[in-house]
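Residue strings, one per chain:
There are 2 protein chains.
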Amino acid sequence: MDTFRVLEIKKSVFENNDRQADLLREELKRNHTFLLNLMSSPGSGKTTTLMATINALKDDLRIGVMEADIDSDVDAATISTSGAKVIQLHTGGMCHLDAGMTRQGLEGLGTENIDLAILENVGNLVCPAEFAVGEDDKGVVLSITEGDDKPMKYPLIFKESAIALLNKADLLPYCNFDMAAAKEDITTLHPGMDVIEVSCTKDQGLDEWCEWLLSRVAAKQKKGE
Amino acid sequence: MDTFRVLEIKKSVFENNDRQADLLREELKRNHTFLLNLMSSPGSGKTTTLMATINALKDDLRIGVMEADIDSDVDAATISTSGAKVIQLHTGGMCHLDAGMTRQGLEGLGTENIDLAILENVGNLVCPAEFAVGEDDKGVVLSITEGDDKPMKYPLIFKESAIALLNKADLLPYCNFDMAAAKEDITTLHPGMDVIEVSCTKDQGLDEWCEWLLSRVAAKQKKGE
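Protein sequences appear in the order of chains A and B.
Using my numbering, the first residue of the first sequence is number 24, and each one after it goes up by one.
Using my numbering, the first residue of the second sequence is number 24, and each one after it goes up by one.
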């Protein structure tokens with residue numbers, strides 16, 4: 024028995040994605056819904072991060088999740104076990120979501136009673152960074168197993184994101200990952216960016232990440248946005 | 024002192040990529056050059072795999088490598104230490120290579136004395152699978168740290184590839200990766216596909232991978248292709 028919907032989203036017909044993103048941002052402002060666009064390579068641990076995040080924040084925030092994937096429903100099935108509202112979006116082969124596609128997802132999810140809506144974008148360190156989806160913030164997850172050279176190889180996603188989670192930090196002893204170098208590269212690309220080391224399976228850094236999210240959502244609601 | 028060129032490749036002007044790929048394939052046939060299109064997520068270990076491969080095969084084959092990246096030259100710098108011929112291709116933001124872009128890379132590399140040309144495609148499990156580049160074979164590298172659900176989430180790249188390398192197998196004890204399930208999913212998507220477990224830092228599975236490459240190159244040369 025499925026506890027979530029699967030929505031086959033259509034390719035957007037809008038040429039001006041930035042304009043569509045601004046319109047969506049205004050609508051979310053009226054609903055007092057904060058939208059986080061969470062991006063990363065495949066397999067960096069976005070879904071596991073979200074499971075831990077929902078578990079930690081479920082008494083503080085009403086959370087809704089959109090799981091965007093080319094195919095399969097495994098992520099929505101996982102998130103549905105957390106009790107959060109969730110919808111699976113199938114992109115029909117598209118490697119990223121744009122604002123029009125995100126609108127379809129938000130309409131499918133329903134944002135009336137959602138404080139924090141999270142789009143788990145398609146696993147891809149390149150294309151999603153190029154398309155605004157009406158988000159309040161973009162966030163990037165980088166697994167330390169991917170290597171410390173990734174920020175400089177994929178600069179745009181770090182320049183666009185307000186926060187970087189350096190995930191799977193528990194695997195540091197088994198990988199050649201220079202944490203200091205990676206952080207320096209990230210702050211060179213995007214000075215002042217928040218960077219947190221986390222391990223979602225070992226409960227490391229999650230408090231700091233959840234406080235960051237709570238403060239961002241609270242700031243939006245305080246401004247009456 | 025750089026020991027490799029950096030080429031800023033231009034977006035292709037050709038509408039029919041498959042036709043361009045066929046033309047390139049015919050030219051490579053005349054040069055007796057085998058072209059492997061190697062694809063994966065960012066950080067799966069393509070470059071480390073290539074370093075180990077070049078080291079193992081450098082007495083048997085003349086190898087040339089095209090390193091495609093959005094930015095940075097770190098991969099070409101790494102490969103250049105192996106003694107193999109290498110060129111860094113900057114894609115100008117593009118998330119994949121197509122046949123026209125690959126042609127520019129091959130011209131920059133020079134294929135006259137190359138038995139095995141390898142394109143290390145942009146780190147991306149989605150878009151590169153959609154574009155033929157004139158290759159003899161596509162190969163996909165999946166790091167076991169990315170999770171065993173990836174084949175079903177990114178089916179096209181497995182359907183398109185002749186071989187899958189399941190890399191970083193030395194990290195199996197520290198990850199929740201079901202090897203049997205992953206292999207079953209891969210062969211469900213692409214029956215008969217070659218799948219090899221490797222660890223390029225621990226010298227595991229490399230012999231089998233190198234034998235596969237040698238047999239593919241030899242088969243092409245034998246046919247007078």
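Incorrect hints may have been included.
It does not matter which identical chain is used: a pair holds within one copy or between any two.
[Stated by the list, open to error] Listed below are the simulated DSSO-like cross-link pairs for lysine-lysine, each with C-alpha atoms no more than 30 Å apart in a straight line:
| no. | residue 1 | residue 2 |
| --- | --- | --- |
| 1 | 225 | 52 |
| 2 | 225 | 206 |
| 3 | 245 | 34 |
| 4 | 52 | 182 |
| 5 | 245 | 225 |
| 6 | 33 | 245 |
| 7 | 33 | 225 |
| 8 | 206 | 52 |
| 9 | 81 | 34 |
| 10 | 225 | 246 |
| 11 | 225 | 34 |
| 12 | 182 | 245 |
| 13 | 182 | 33 |
| 14 | 34 | 246 |
| 15 | 182 | 34 |
| 16 | 182 | 243 |
| 17 | 206 | 108 |
| 18 | 34 | 206 |
| 19 | 246 | 33 |
It should be emphasised that the hints constitute simulated quantities derived from the structure, not laboratory data.
Tested hints:
Neither within a single protomer nor between protomers do residue 225 and residue 52 lie at most 30 Å apart by alpha-carbon distance, with minima of 35 Å and 52 Å respectively. Both within a single protomer and between protomers do residue 225 and residue 206 lie at most 30 Å apart by alpha-carbon distance, with minima of 21 Å and 27 Å respectively. Taking the closest pair of Cα atoms, residue 245 and residue 34 never come within 30 Å of each other, the shortest separation being 35 Å inside a single copy and 46 Å across copies. Proximity of residue 52 to residue 182 under the C-alpha cut-off of 30 Å is restricted to the intra-copy arrangement: shortest distance 24 Å within a copy versus 43 Å between copies.
Proximity of residue 245 to residue 225 under the C-alpha cut-off of 30 Å is found in neither arrangement, the shortest distances being 33 Å within a copy and 54 Å between copies. Within a single copy, residue 33 and residue 245 get their C-alpha atoms no closer than 35 Å, and across copies no closer than 48 Å, so neither meets the 30 Å cut-off. When the C-alpha separation of residue 33 and residue 225 is checked against a cutoff of 30 Å, the pair qualifies neither within a copy, at 38 Å, nor between copies, at 45 Å. Taking the closest pair of Cα atoms, residue 206 and residue 52 never come within 30 Å of each other, the shortest separation being 33 Å inside a single copy and 46 Å across copies.
Taking the shortest Cα distances, residue 81 and residue 34 never come within 30 Å of each other, neither inside one copy (33 Å) nor across copies (47 Å). Taking the shortest alpha-carbon separations for residue 225 and residue 246, neither the intra-copy value of 35 Å nor the inter-copy value of 54 Å comes in at or below 30 Å. Proximity of residue 225 to residue 34 under the C-alpha cut-off of 30 Å is found in neither arrangement, the shortest distances being 39 Å within a copy and 44 Å between copies. Taking the shortest Cα distances, residue 182 and residue 245 sit within 30 Å of each other inside one copy (27 Å), while across copies they are farther apart (50 Å).
In the homo-oligomer, the alpha carbons of residue 182 and residue 33 lie at most 30 Å apart both inside one protomer (28 Å) and across protomers (24 Å), since each shortest distance falls under that limit. Within a single copy, residue 34 and residue 246 get their C-alpha atoms no closer than 34 Å, and across copies no closer than 44 Å, so neither meets the 30 Å cut-off. Proximity of residue 182 to residue 34 under the C-alpha cut-off of 30 Å is found in both arrangements, the shortest distances being 26 Å within a copy and 23 Å between copies. Taking CA atoms no more than 30 Å apart as the test, residue 182 paired with residue 243 passes inside one copy only; the shortest distance there is 22 Å, against 45 Å between copies.
Proximity of residue 206 to residue 108 under the C-alpha cut-off of 30 Å is found in neither arrangement, the shortest distances being 34 Å within a copy and 32 Å between copies. For a Cα distance limit of 30 Å, the shortest separation of residue 34 from residue 206 qualifies neither inside one copy, at 36 Å, nor across copies, at 32 Å. With identical chains, the CA atoms of residue 246 and residue 33 are never at most 30 Å apart, being 34 Å at best within one copy and 46 Å at best between copies.
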